[in-house]
Structure formats: structure tokens, C-alpha cells
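Let's have the full structure, built from the sequences with the hints guiding it.
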Amino acid sequence: MKVDIELTQAIWIEDAGAISLTELAERSGLEEARLRDLVDYGALAPIDPSAAAWTFSAECVVTAKTACRLLNDFELEPHGLVVVLTLLERIRALENELRRLQARMPRVR
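Residue numbers (our numbering): 7 to 115.
Treat the hints as calculated values from the structure; they're not laboratory data.
Check the hints yourself; a few may be wrong.
Cβ pair distances, simulated, as ranges [as the list claims (entries may be wrong)]: (1) A57 <-> V114: 49 to 55 Å; (2) A59 <-> R115: 53 to 59 Å; (3) Q108 <-> G48: 18 to 24 Å; (4) A109 <-> H85: 25 to 31 Å; (5) A39 <-> R115: 53 to 59 Å; (6) L94 <-> E32: 18 to 24 Å; (7) M111 <-> F80: 36 to 42 Å; (8) R75 <-> A51: 17 to 23 Å.
Where is the CB? At the ideal position from N, CA and C, for every residue including glycine.
As C-alpha cells, then:
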């Protein structure tokens, strides 16, 4: 069985920088309760966790949309979902580091 997960999507991230929980739910396709679970498990972080109304950086839309797709495609339990999201983020970070290091290497002709 071949499984294709498109990890990158073109998402407009506004310069405003912060979006509400409701707006994050609308943009990601996840219910607010599911987003709260992701916060509880550490997959998403509000800008100020102690605030009465949570706001999130616009970049959280990417993580939330990925979570929505994983939930729809694989019906993961919350803990499994967080593990997958964490590993995907780690892969992205390692790929960025690899590109950075490769850019510093002299090119041999």
C-alpha cells in the first residue's frame, strides 16, 4: 500500500500575526475542542496560555491543517497524532538544517 501525505500546502499567513481559537478552527477544519486537546498535548501553543481568550501565531494554521488531514486520513488517537506532528516538525527542521549546511559547502566542479 502506498501512502502519500502532502506535507506542504500553500497557506496565506497574514502579517497580523495572531488569530483567535475560533479563526484557527475555521481555517484548519478542526473543532475548537480538538484544538484545545492539541494545546493540552503540546502540539499547539497559544501566544499567552494564561489569557482568557487564546490567540495563536498564524503559523499554527499549518500545524492545525496538517493535524486535520492526519485525523481524516488515519483516524489517529490524540497521543499518536501529537507524535506524528512532532516527528514531522523534526523532519522539517532537519531538512532545513541540511539545506543550510549544504549551502555552506564549497561546490566541486
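For each hint, the structure was consulted:
Between A57 and V114 the beta carbon distance is about 53 Å. The supplied range of 49 to 55 Å therefore holds. Distance hint check for A59 and R115: the Cβ-Cβ separation is about 58 Å, which falls inside the suggested range of 53 to 59 Å. Remark: the range hint 18 to 24 Å for Q108 to G48 is contradicted by a beta-carbon distance near 31 Å. One distance hint, 25 to 31 Å for the beta-carbon pair A109 and H85, is violated here, with the actual separation near 37 Å.
For A39 paired with R115, a C-beta distance near 57 Å keeps the hint of 53 to 59 Å intact. Distance hint for L94 and E32: a CB-CB separation of about 23 Å, consistent with the stated range 18 to 24 Å. The hint said 36 to 42 Å for the Cβ distance between M111 and F80, and at roughly 37 Å that hint holds. Evaluation of the 17 to 23 Å hint for R75 and A51 yields a pass: the beta carbon distance comes to about 20 Å.
Hints 3, 4, counting from the list given before, are not met by this structure.
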